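Chemist: Using the sequences and the hints given, assemble the complete structure.
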Amino acid sequence: MVRNVAGVMAELEAEDFYLLSGVEQGMRFGEWVNRGKLPELSGLTAENVEYRLNRCMRRDLVERKTIQYEGYKLAVEGYDALALRTFSKRDTIQGVGAPLGVGKESDVFEVQSYKPLALKFHREGYTNFREVMREREYTSENQHVSWLYTARKAAEREYEVLEDLYPDVAVPRPIDQNRHAIVMDKLAGIELDRAKLESEQVVGVLDLVVDEVAGAYEAGYVHADMSEYNVAVGEEGVTVFDWPQAVATEHDNARELLERDVKNLLDYFRRKYPAAMPDEVDSPALCDAVAANEFETLRAFAE
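Count the sequence shown with my numbering and you get residues 41 to 343, in order.
These aren't lab readings, by the way, just hints derived from the structure by calculation.
As the structure is a computational prediction, the values presented were derived from the model and not from experiment.
Every residue gets a Cβ at the ideal spot worked out from N, C-alpha and C, and that includes glycine.
Please note: incorrect hints may appear among the correct ones.
[Unchecked claim] Each pair of labels, with its calculated beta carbon distance range:
no., residue 1, residue 2, range
1, Thr289, Gln241, 28 to 36 Å
2, Glu258, Ala228, 17 to 25 Å
3, Glu320, Pro139, 27 to 35 Å
4, Glu238, Glu258, 29 to 37 Å
5, Glu258, Tyr91, 51 to 59 Å
Modeler: Here is the structure:
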């Protein structure tokens, strides 16, 4: 997990954010920003740029490299700081709390607002740049993009999908989005992989998850990465989360991705709860029912 930058926010001054924003703007054109361009990009004097660079370097918000010139780029914590400042200015959040989850493509924290919420920082491209560039629709055609762009596009995509699906599909309620970050409702319950279902609950819970997959398909989306790690189970039902890789149902591979999502779910439940699952399931017919939004229960497809 990347260091939680919330602890240094109170130490930062407005001009520090001007400098960070200037570096951000410069990174639109290359990975490293020439120091000589920072006064123009940030609106600060050359002397103030030097002072602000030192402050931000001490707080690990920017990185420096001498190439053919002295170059700077945002550290991931610097990008986090810019998003947090925007959320604060919008009164979306008032404070950042403990981590809620850490994944290879995101960090999630509890945040304070009118009630406890979740703040998700997308990290796509930060540690697995080549993989994300190859697999995600919003980067596959671009050859010269930074991790900032990749993470921001992932957040924009996920927020768009959540807005389209909520509340008809059981997804986290989206509240705000800026750069690579999303503020949303906290998940109710625990992740499916950590849940311990009773035998009589197994098929019923799987039915609930597949029903949400069908609802999303009806609304125009395939999750495209369904697994036990992006479903939460609680007293009020299930919630399906992590949607940045979702594809539209008009996509050429939508049906293939839907079948893969359904297979992933069936395989997981068979592995963890073999005694409670039907021995055989007519998967093609099940996927047909999901695509037609006619799914009711897995038992109808047991062979």
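Chemist: Indicate, hint by hint, whether the structure satisfies it.
Modeler: Evaluation of the provided hints:
1. Distance hint check for Thr289 and Gln241: the Cβ-Cβ separation is about 30 Å, which falls inside the suggested range of 28 to 36 Å.
2. About 23 Å separates the C-beta atoms of Glu258 and Ala228, a value consistent with the hinted range of 17 to 25 Å.
3. At roughly 41 Å, the beta-carbon separation of Glu320 and Pro139 lies outside the given 27 to 35 Å, and the hint is violated.
4. Taken as a hint, the range 29 to 37 Å holds for the pair Glu238 and Glu258, whose Cβ atoms sit roughly 30 Å apart.
5. The hinted range of 51 to 59 Å is satisfied by Glu258 and Tyr91, whose Cβ atoms lie roughly 56 Å apart.
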